[in-house]
Amino acid sequence: RKEVEQDPGPFNVPEGATVAFNCTYSNSASQSFFWYRQDCRKEPKLLMSVYSSGNEDGRFTAQLNRASQYISLLIRDSKLSDSATYLCVMDTGRRALTFGSGTRLQVQP
Amino acid sequence: ETGVTQSPTHLIKTRGQQVTLRCSSQSGHNTVSWYQQALGQGPQFIFQYYREEENGRGNFPPRFSGLQFPNYSSELNVNALELDDSALYLCASSPWGTNSPLHFGNGTRLTVT
Numbered sequence: 001r002k003e004v005e006q007d008p009g010p011f012n013v014p015e016g017a018t019v020a021f022n023c024t025y026s027n028s029a030s031q032s033f034f035w036y037r038q039d040c041r042k043e044p045k046l047l048m049s050v051y052s053s054g055n056e057d058g059r060f061t062a063q064l065n066r067a068s069q070y071i072s073l074l075i076r077d078s079k080l081s082d083s084a085t086y087l088c089v090m091d092t093g094r095r096a097l098t099f100g101s102g103t104r105l106q107v108q109p
Numbered sequence: 001e002t003g004v005t006q007s008p009t010h011l012i013k014t015r016g017q018q019v020t021l022r023c024s025s026q027s028g029h030n031t032v033s034w035y036q037q038a039l040g041q042g043p044q045f046i047f048q049y050y051r052e053e054e055n056g057r058g059n060f061p062p063r064f065s066g067l068q069f070p071n072y073s074s075e076l077n078v079n080a081l082e083l084d085d086s087a088l089y090l091c092a093s094s095p096w097g098t099n100s101p102l103h104f105g106n107g108t109r110l111t112v113t
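Chains R and E supply the protein sequences, listed in that same order.
Residue 51 in the numbering used here sits at position 51 of the first sequence, and the numbers go up by one each step.
Residue 73 in the numbering used here sits at position 73 of the second sequence, and the numbers go up by one each step.
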């Protein structure tokens, strides 16, 4: 079993839609969690950190559920520019990040 | 303030050859981490360098080795290249002892034929 599991997608949604991604992790010692965004053939870029209390950054909302060991990302009012692969990431505190395989989002006009 | 820079951006090698990839860390960052991202997969941790020594290693064979220099820049060396080594190699730097998110360089795309 992979340490971080994500639905690979692709998620094909129309502009303006709300889309949610989930991610599960197996290492209960994980301390920090992040969502990264990766455009085709580019490096991953930090989208946002994830906290148990939930956090919001504009149209993006991230949530961590430690009891169930899952992380979510909600994107509201999808834009064409949101099309990318979204990577769920955890850090066990040793600075060796563990990435999921990514979920691909395609926003269509 | 410059971010993490990597060179070269693209590289083509033949199976069995050796390759060296380079990474310049962000100003003030003394820790460098290397990741391998195969097509369709998430990045996988190779190793981390701090104070010019390896400080943590992922599930990669010894033919993957590295160096860190006094100016904190780093090299990743891969010997006896295999076809499966074809991937995007990513470098990230950070200050030691922080939990701040990692920021990656643009990566080096290695193709082994």
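Don't take each hint at face value.
As the list claims (entries may be wrong) - Derived SDA-like pairs: lysine to any residue, alpha-carbon spacing no greater than 20 angstroms straight-line:
id	chain 1	residue 1	chain 2	residue 2
1	R	45	E	7
2	R	45	E	82
3	E	13	E	103
4	R	42	E	82
5	R	45	E	106
6	R	45	E	13
7	R	45	E	113
I should point out that these hints are in silico values taken from the structure, not numbers from a laboratory.
Everything numeric in this text was worked out from a predicted model, so none of it was measured.
Cross-check of the supplied hints:
1. R:45 x E:7: holds (18 angstroms)
2. R:45 x E:82: violated (28 angstroms)
3. E:13 x E:103: violated (27 angstroms)
4. R:42 x E:82: Not satisfied, since the Cα-Cα distance of roughly 23 angstroms exceeds 20 angstroms.
5. R:45 x E:106: holds (10 angstroms)
6. R:45 x E:13: Violated. Residue 45 of chain R to residue 13 of chain E sits at ~28 angstroms, over the 20 angstroms cutoff.
7. R:45 x E:113: Not OK: residue 45 of chain R and residue 113 of chain E at ~29 angstroms, beyond 20 angstroms, violated.
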